[in-house]
Amino acid sequence: MWFIGKLSRSKRGVGSIIGTTFLVLILLTGYTFYFLNIDATDDYNDTLEDMAELDQKRNKENLQFISVSFNGGELNITVENTGSYYARLIWLGIFDDDANTEKYYEIDFCVNPAETVTDIGNDTISSFEDQERVIQLVTELGNIFSYSYPEESSENGGDEIYDYVDDMSNEDGSDDKGTHSLFAAEKAGPDGVVDTLTEASAAGENVENDVDTNDSDEDGSADKGTETNFANAQGTSLDSSYMNIQETNTGGSSSLSLYVDVDDESRTGDWIRIGANPYLDANDYSTNYVYVDGNNKVIGDYGFTDSGKSTETINTVTIQLYAMQSLGSKNLEVFVWDGSSWGSLGTQTTPTSWDWMSWTATMELDTWTKIDAAEIYIKSRSGGGLYEVDSARLQIGYTAPENYQIDFEYNWTTAAYSSENEKVCIYLAAHGGGSETLNVNYWSGSSWTLLGTVTATGTWTNLTATGLTASTYTIQLIGASESGDTTQDDWEIDLITLHTWGASSYELDLEVQWTDVDHDETNEWLCIYGGTMGSEDILVDVWNGATWINIFTNLSSGWNSVNVSSYLVSSTFTIRFRSIGDAVEADDWEIDATFLYVWS
Amino acid sequence: MLRSLFHDKRAVSEIVASLIIVLIVSVAGVALYSYSLGAFSSSSSSFQLQTSQKEEQARERLSIIAIWWDNVNQLNLTVLNYGKIELAIDAVYIYGTPVSIDEGRGTVIVPGKKVHVKFTLTGLVSDETYGILAVSERGSKDVVYWKA
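Chains as they are written, first to last, in this note's numbering: chain A, 20 to 619; chain B, 7 to 154.
Okay, chain A solo, but in the shape it has when bound (with noise of 0.2 Å):
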C-alpha cells in the first residue's frame, strides 16, 4: 500500500517532465533554425563583402596599348599594365568597321601592375595588317580596352588627346553647392587618387513678401471700420511704425427696403400681368409689371424679401408702389396682410407719371415677424383710364443696437505658392479698446475660412497659410465678435507678411571646366573613371552657352563616357556633377580622373 502510494504521487511529476521536455525540444529547434540563419546571413554577408573586393579590383585595372604589330603574320600585341592590380585577359576582340564584322577570340595572358606584355595575341588570327581594325582586350574582372589599328594620327601631331579637366567654374552664376576633396586628382589617372565629391546641407529658399494691397474686395462687401497707414504694415522688417484699424459702430438709424419677391397670382382680377413672375420686384416697365382699365379691380398677393432683422426697433413702415394713370383724379387701394389678417391702408391718387406711391403701415407692421409674413395686394378705385404697377416694396426705417465691427481685406499678388513651407505671419504690436480677438480668414475663392486668430502683442502670430495655391492671396481681418459688441477695439499691426521656404537638404552642384579643348576633331568623347560611388545618383550636365543639358542619369564605378562633339563646339567646356538631393544624408561620390578624349 505504501509502495502504490509512492507511484501515483510520482506520476504526477511524470506529467511535468515531459511537458518540460517538449518544452526543450521546442526551445532547442528553434535555437537550431535560428543559427541556421545567422550562418545563411554570415554567407551572404560574406558575398558582398567577396564582390565588393572583387568591384574594387576591377576599379584598379588599367592597361594602356604601347604597340600593336605583324611579325610574320602574327599579331603582336604589346600592353603595359597602368593599374594597381593585376589584369588577366581573357578575350581579344578584333572588330572591322569596313567589313562590319565583329570576332572574339580567347586568350589568357596576366599583367602585373607595371609590367609590359608583348606577343598578346592568337596564333588563329587572320593578318589584317595596315588594314583598319579596332582591337580589344577584355579582362577577366570585366574591363574592356580598345585599341584602333594602325595607329592614328591628329592634325595636331599627337594620336588622341587625353584633355584633363582644368578647373573649377561658375558659367550658370549659382554658387556651388558641396566640395571636392581633392580636385587635382580628376586632373591624372586613374590612378586610384580620388577626388571625393561631397553633397552639403542647402537650406530651401526662404521669402519673406509683405503684404501688397488692402484694396480688394473678393468677397463684394464693403470693409468695415478705419484703417490708417496701411503702408506702416509693409516693408521686410519690424520697424515701430504700425498700420492702425480700429471698429467702428454699424449701429443706429437706418433703413431698408424689401421689394416684392413673388406674385402668387391668387388675385387675377382683370389686370394684365407683362413679364415674368414676381412682376413688381424692380423698376424695369415695360419688361416687367402689371395694368388694368377699370373699377375694383384686384391683383395680387405679392410677398417680400425676408429682412434678416429681430433685434432692430422698427421706427417707420412704407408700402410703396411704382405707378402711374395719365388721366389723373384715378385712386388705388392697398390692402396688406400682417400674417394673420387684411387690413385696408386707404386709398391714395395715383400719379400721372412714373414715381412712389406711399402707405403707411407702421400699425399694422409692427414687428419683424409681420414684416417678414407681410403680403399686398392692390386694387383700382377709380373707374376708366390705364393703371400701370411697375414695382411694390416694404421701405422701412428703424434703429439698430450699438455694434463695433471690423472686416479688412489684404491682399497678395506674387505670393510664392508652391513652397513646403507657407505662413501668413502678423506681427501685432498693440491692442487698445477692449479684448476682442482679431480672426484672420482667406478667401477660397467663394467663401472665407479662418486660418487662426491674433491676440498676443508685441510678437509674431505665424499662422499655416492654408488655400495658398496661387500667386494671389487674399486673406480678410475681422472681429471675433460681431454682434452685439458694445466696445471699440482698436489693434496696431507692424508687419503683414507671407513666409515660404523649402526644407533643408544635402545637394550636389558643382561645376568644372576645360578652358583650352580641341574642339574640332572627329570623334569627341567625355570620360568619367568612378570609385566607390554613393547610393544616391549623380548626374552630370553639359552647359551649352545658356542651360544645363543632361548627359549621364548616373555614373558607375569604372568607366563612364559619352560623345559630346555637339556639345564641345568651342575651346571652352563646363560640365557639372549634381545630385537631385534627399534630407536624409549626404553622400559622396569618388571620381578618379575627368577628361576629354578626342581623335580624328
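I should point out that these hints are in silico values taken from the structure, not numbers from a laboratory.
Among chain B residues calculated to face chain A with C-beta under 10 Å, some are: (1) Val28; (2) Leu38; (3) Ser69; (4) Lys119; (5) Lys120; (6) Tyr151.
Heads up, simulated DSSO-like pairs for lysine-lysine below, C-alpha to C-alpha not over 27 Å straight-line: (7) A:Lys243 x A:Lys442; (8) B:Lys153 x A:Lys122; (9) B:Lys90 x A:Lys122; (10) B:Lys147 x A:Lys122; (11) A:Lys76 x B:Lys147; (12) B:Lys119 x B:Lys90; (13) B:Lys124 x A:Lys122; (14) A:Lys389 x A:Lys328; (15) B:Lys119 x A:Lys76; (16) B:Lys119 x A:Lys122; (17) B:Lys119 x B:Lys153; (18) B:Lys119 x B:Lys147; (19) A:Lys206 x A:Lys196; (20) B:Lys90 x A:Lys76; (21) B:Lys60 x A:Lys76.
Beta carbons are placed, not taken as given, at the ideal position from N, Cα and C, and that holds for glycine.
We have chain A; now place chain B onto it with these hints.
Chain B in isolation, oriented as in the chain A frame:
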C-alpha cells in the same frame, strides 16, 4: 496485501487520473512541437530562400563589351559574364522600352564567357545615342550608351 491492493479503489482512481494527465500532456506536447517545428521550418526556409536568391544576384556581374550593327535591322550586344556565377540575359531595354530578343535570351553564360544577344531595331537614327540596358534573369543589369 494483494487483496487489499485490489480493493483500494482510491489508489486505482489516482493511477488512472495520473495516466490521463500524462496522456494529455504528451498529446499536447506532440501537437505543440509539431506546430512549432512546422512554423520554424517554414520561416527559416523562406528566409534562406530569399537570402540565397539575393546572394546569387550579388555574385552576378555582367558587362556589355561590344555593340555591333548589321547595317540592316539587327543589333548585336556582346555580354560578358565576369561574376562568380552563371547567368542568363532575360531582357534588353532601349531607353526604358523593352525590345524583342531574337537570339541569346536565356542562354546560360558561365563566368568568363560571353554571349551574343541579338534583337531587331527598326527606325535607327544615325548619330543618335541610344541607352541600352541588359538585364539578367536575377535582375542584375548593365547599361551602355551607344551612338549609331
